[in-house]
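First to last, the sequence lines map onto chains A and B. Note that numbering that gives the first Met the number 0 has the first sequence beginning at 0, numbered continuously upward. Note that numbering that gives the first Met the number 0 has the second sequence beginning at 0, numbered continuously upward.
The hints are simulated quantities; they were obtained by calculation from the structure and are not laboratory data. Where hints are given, some of them may not hold.
As the list claims (entries may be wrong) - DSBU-like, lysine-lysine: derived pairs with alpha carbons at most 30 Å apart: (1) B:K90 - A:K290; (2) B:K268 - A:K340; (3) A:K144 - B:K266; (4) A:K454 - B:K266; (5) B:K282 - A:K340; (6) A:K103 - A:K988; (7) A:K488 - B:K346; (8) A:K136 - B:K266; (9) B:K346 - A:K275; (10) B:K266 - A:K275; (11) B:K266 - A:K340; (12) B:K282 - A:K518; (13) A:K136 - B:K193; (14) B:K90 - A:K517.
None of these values were measured; they are calculated from a predicted model.
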Amino acid sequence: MPKRENIKKVLVIGSGPIIIGQAAEFDYSGSQACRSLREEGVEIVLVNSNPATFQTDVGVADKVYIEPLTLEIVAEIIRKERPDSLLPTQGGQTGLNLAVQLHKTGVLKETGCRVIGTSVESIMRAEERELFFDLMKDVGEPVPKSIKASSLEEAKKGAEEIGFPVIIRPGYCLGGTGTGIAYNMVELEQITMRGLDLSMNSEVNLDQCVIGWKEIEFEMVRDSADNCITICSMENVDPMGIHTGDSIVVAPVLTLTDREYHILRNAAIRIVRALKVEGGCNIQFAVRPDKFDYFVIEVNPRLSRSSALASKATGYPIARVATKIALGLNLDEILNRVTGKTPASFEPTIDYIVCKIPRWPFDKFKEANKIIGTQMKATGEVMAIGRMFEEALQKAIRSLDTGRYGLGADGESEPITDAEDLRTKLRKPTDMRIFHVRDAIAMGMGIDEIYDLTKIDRWFLYKIRNIISMERELRNLSLDSPDVFMTIKEAKKLGFSDLQLAHIFRSDEITIRELRKKKGIKAVYKMVDTCAAEFEARTPYYYSSYEEEDEIVSSDKKKVIILGGGPIRIGQGIEFDYCTVHAVFALKEEGVETIVINNNPETVSTDFDISDKLYFEPLTFEDVMNVIEREDPYGVMVQFGGQTPINLAEQLSMAGVKILGTPYESIDLAEDRGKFRLLLERLGIPQAESGTAMSLEEARKIASRINYPVLVRPSYVLGGRAMEVVYDQKELDIYMAEAVRVSPKHPVLIDKFLQPAIELDVDAVSDGENVLIGGIMEHIEHAGIHSGDSACVVPPQSLSDETIQIVKEYTTRLAREICVKGLMNIQYAVKDKVYVLEVNPRASRTIPFISKAVGIPLAKLAAKVMLGQSLPKTYVGLPPIGHVAVKEVVFPFIKLPGVDPVLGPEMKSTGEAMGIDVDFGRAFYKAQLGANMRLPAKGDVFLSVKEEDKDLIIPVAKKLQQMGFDIFATNGTAEALRQEGVRAKEILKVSEGRPNVVDYMKSRKISLVINTPSRKKEAKRDGYVIRRNAVELNIPYITTIAGAQASVEAMEKIGGTKDITIKSLQEYYGG
Amino acid sequence: MKSILALEDGSLVEGVGFGAEGTAIGELVFATPFTGYEEAITDPSYKGQILMLTYPLVGNYGVSGAKFQSNGIKTEGFVIREKCDLHSHYKSRQSLDAFLRDEGAPGISEVDTRMLTRKIREYGTMKACLCNGEDIDRGRALELAKAQPDISELDLIGQVTCKHAYKIMGGEKSKRIAVLDLGIKRNILNNLEKRNWSIFVFPSNSTESEIRAVEPDALLLSNGPGDPKQGSNAIKIVKELVGEIPIFGICLGLQIIALALGCDTYKLKFGHRGANQPVKDLKSGRVYITSQNHGFAVDKDSLEGDAELTQINVNDHTVEGFENPYLDVKCVQYHPEASPGPWDTEKWFFDELATKINKR
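Full structure from sequences and hints, please.
See the structure below:
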């Protein structure tokens, strides 16, 4: 069928801030969908609250709304823009839920907007468990026993019928939130209660447990003519019981016979046909390992994390094709852009092995329960491609950027050799599971025993054993052994890194590299082409391997390598992918050939048609250098991908690679504390007093010299890891003993903690002489809270003109002095004067936010400057801004039981939302709403603040009272409020008995919690319980005074979402 | 074990031998499915060919024997990237290596199969020689690669057809189908057996009167190896029986029928061998994913006037199916019986066959 002519204007809904379970994959799918719509000449309206996405760029859609993703607001956008169609399947669960709500509330009918692609009815049949089970019954597909319960009583009865263990899942929840396995009644009660609270429809589903079965996924595409194809099959190395987002996954399926594979494929086809999917669909099966039998576990009739992985694993652009199908095209009418000759109506086949490994945030949450299970905890993932499984696995491990260079043998950890310890660890898997499996094999535990403990298919265990056998073989040799390089070649085929070899041979990476190159052991590059080389392919998408033939065709054009950011993790998010993509486009505009190296399958930068060439490789010195030697580029850009590529700058520079833009020496000048301190002294720019300690004694000395409180942190940090504010020597001693291993090689940095101070973030572009200051972002929260976790506003709201002048002057001087060519981020603290906290000569996580707030593409300008161009005169200085933009962050606390949801110097947020409006109050309200914090219009507010905040809370409380809120407070706060004439009702703390504040919260009597964490131990525990309950009960909560002040201002402006007005970025920029 | 693969263009790759010692000659072809190696190497259509799989991991789930397509290995040799000795599957009885050894078939592993695939894609199918053993004569291998006869000169059907006619009795008063075995895959027979028909299987050198003698309700020409023009006896049988009873063909069967109707066939550059080949049904507009294994094709233009083109390959628009309703002829170029590959067309094809037979 040709394209439907009545589709002229389409609304695409994005997925909002990055959270666990919904990461960059929906920016990727949404952006690809928009490009696909553009190709067909369709007008696009896009809404997403997340400014860090590429899809919210004004160039991607005709109208971009950075507005909160709520029913009311999206309905308003539809009423205003009048799109004739809605494409709901590109924005993850968020987009899908909104489409269902828009349908159910009649908004779509009212506005004459139709859903294109998979229909709402189909979506509901797949999403609502009961309808889904009926559907499976109709098509004769087996499902585990399942019972729905809307009360604890029903759940208990259901569990008896199904038999323990049972899986409990809350209805309509993201990424398996609240899902758990109960082995007994006590656990059933706990998980059910939590699940009922979390569920959007106050229901939980109880399912028969198939833990330990193989978990197999199929990515399917179907068109309206009922053509139906499989894009990719995937097998979870970690079997059922571990969320697929937390599992190591391989593609294609590796342990099923042809017949078993096709039984599942046929089942998948029956299901997508019965569901009348028009677009992409993911189907998960549980397959019994000891006798072929299977259950259908889940069907997602939309693009998903798995579909992004499947697209990158095969080269088949699922989002693009699904969008064309939604427009009415059939698969055989859509061209396979990879071959450029054959149509999209074929099944990709591959001639390599793909391995995906999740990236978990446990480095940031030391107190979090690290056990992985049915609730997803990973923030991101990496993918690696190899011609052997061992190779793909080891490359994926290197890609994680967790300081590991393969599966063991890298000198980064002592293997565990205690069998009992290992058994426990294998039974209760954590993020370290793959290393525990390795250690178990290495210490001689039998494959069968490991299988019994983990249910990881023996095939994978045999392969892991191959890696260990190779390690042993290498350890028996030395670099002088005859034929050692024959073995090294075999090791390289198994994915061993030069660093692993260096560790084994007690040599160093460079020596190994040079030796093996001399022996002709070099990586070759193979193409990802959707067809296993059957047809000639045009998309230059490559991976390395150690084999015969290299397929790279190098051009003579001027080319530049841009290093991407790797996996999404706390501190290094989607912002850096946004910057990477902008750099690519800037260089393309200049006629430069662009080459991207990255390993994150969820991103836009790894889409097949963004750069001129894509290398899907780990971002280590070895892997990057291999590409550089093969391509011989004009230069390499390390500024855009965040800390990961910046960390490579020194080694690349030493190896003679031309780092474009800010040279390595300048990066070093900014990052080396000592050199930087001297620079500031020379320039007469104030800085917080500080010192570097190599020992506890030194730390004590420095702290008493500069006076407590002080900010302490280990050197080499990423996103503020292990940073803490300490208030006295006792705390310092504890920190030094517990948090860090201090040594001359790993010194601890100590800064005077400026308090209270306003913190500023400034992003700038410099060509070495001229400086563009993108904007001065004023943090809402005071200094001491990680800049990545603080809300911020542009333009600044409380700075004097004089302060702004000083900030401009310092920024310009520093850019010149450091010889910045490209991007630069400076953090300032404003107290009695303006202090410089740090300078980062690279893209910061606020680049997309500030670019969108002011309408100037900073990353793009920076990339051009790095090519040697001067900054255009029109851009020099600080551009004016006629509106207010606020950035607010979102936290993963709900997914991480046990973690205290407070802010501190360690970064904890996963994503962000932007609010944009005419004044601060309105913009802040929108930012909160975008970050899923719905500030109430009425109800009861609970206040409990620490001693130092008692005075500051009074005006906040007064305003709340004026707005008609009832104030509840614990005795200390209540007392303070009453003295100032605020009617505060007293309520018991948790430690004071019952009914206490938590009881009130649980009975839904509290609509807002303001609780600032106390440093006193008792109050700390009380506060923790309150905050944790607020998170789990989804009650809006605020943990800083500054946040409370800003929220009240917002609530004064906006009484409810009905008061919100909407405006597209194009309208903001246009006038 | 040392191993080399010599090609007619004079190139030679070294690898690690597995399976049996010895020398194999044949046409080197590649196939792209990532499952189904057991089915593929026992498929008689690969007679005269050295099969290379593009998927780099082979042997993962061992060998169970449950899905063999004939009584043993039919490929002359086997070329793969990595052979998995440590297989894992509850049904597995032996490793791939042991199976090849038992069957006397040589295999070569640890070669850059993607490089060879790209070479074939550019050059076309190549004659090759695979040598396994401790004492390998490279020069002789190259000579054997070049000197061997072209596949079109070989009577391969004769090597894989059944020796004697046999029958599989169905129920009482069941319909009767004659099958001309040109190298039939087991799963075609399985599909016929499911219908409870009486099946009469004939060797390729049978006569039309022998076939007429069993009073069949239809004739099915099976798949098989090599150039259809080598199947002169089969062509003759079709010419005799066409119009008399419904005739069906699968793969080589289709090509034979085309030749019998006066159409022409030609050799494809490197054939279609995979489990992902899209076929469009011209009547319904639907696209099916099919399993294919053929190196020859029917000349589309030559069908004109003799048969109606019903299905085409979406990738290269070659003939995938034709019929002649007046003569009651219907055939497909791909493998509806799959094994290995997708089952999208299995029910459809054998249902069509049943409809025709049941009408009689």
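Here is how each hint holds up against the structure:
1. For a cut-off of 30 Å, the pair hint linking B:K90 to A:K290 stands: about 8 Å separates their Cα positions.
2. Distance check on the hinted pair: B:K268 and A:K340 sit about 17 Å apart at the alpha-carbon level, within 30 Å; holds.
3. For the hint pairing A:K144 with B:K266, the CA-to-CA distance comes to about 54 Å; that exceeds 30 Å, so the pair is violated.
4. Proximity of A:K454 to B:K266 is assessed by CA-CA distance (about 49 Å); at most 30 Å being required, the pair is judged violated.
5. For the hint linking B:K282 to A:K340, the alpha-carbon distance of about 23 Å falls within 30 Å, and the restraint holds.
6. Annotation: proposed proximity of A:K103 to A:K988 is violated, straight-line Cα distance about 42 Å (limit 30 Å).
7. The hinted pair formed by A:K488 and B:K346 fails the criterion: a straight-line CA distance of about 49 Å is larger than 30 Å.
8. Among the hinted pairs, A:K136 with B:K266 is inconsistent with the structure: their alpha-carbon atoms are about 48 Å apart, more than 30 Å.
9. The hinted pair formed by B:K346 and A:K275 meets the criterion: a straight-line CA distance of about 21 Å does not exceed 30 Å.
10. Between B:K266 and A:K275, the direct Cα distance comes to roughly 40 Å. Violation of the 30 Å bound is thereby established for this hinted pair.
11. In summary, the hint linking B:K266 to A:K340 is supported, as the alpha carbons are separated by about 21 Å, within the 30 Å threshold.
12. A distance of roughly 60 Å separates the Cα atoms of B:K282 and A:K518; the hinted pair therefore is violated under the 30 Å criterion.
13. Simply put, A:K136 and B:K193 have alpha-carbon atoms about 25 Å apart, close enough for the 30 Å limit, and the pair holds.
14. With a C-alpha separation of about 47 Å, the suggested pair B:K90 and A:K517 falls outside the 30 Å cut-off, and the hint is violated.
Of the numbered hints listed earlier, those contradicted by the structure are 3, 4, 6, 7, 8, 10, 12 and 14.
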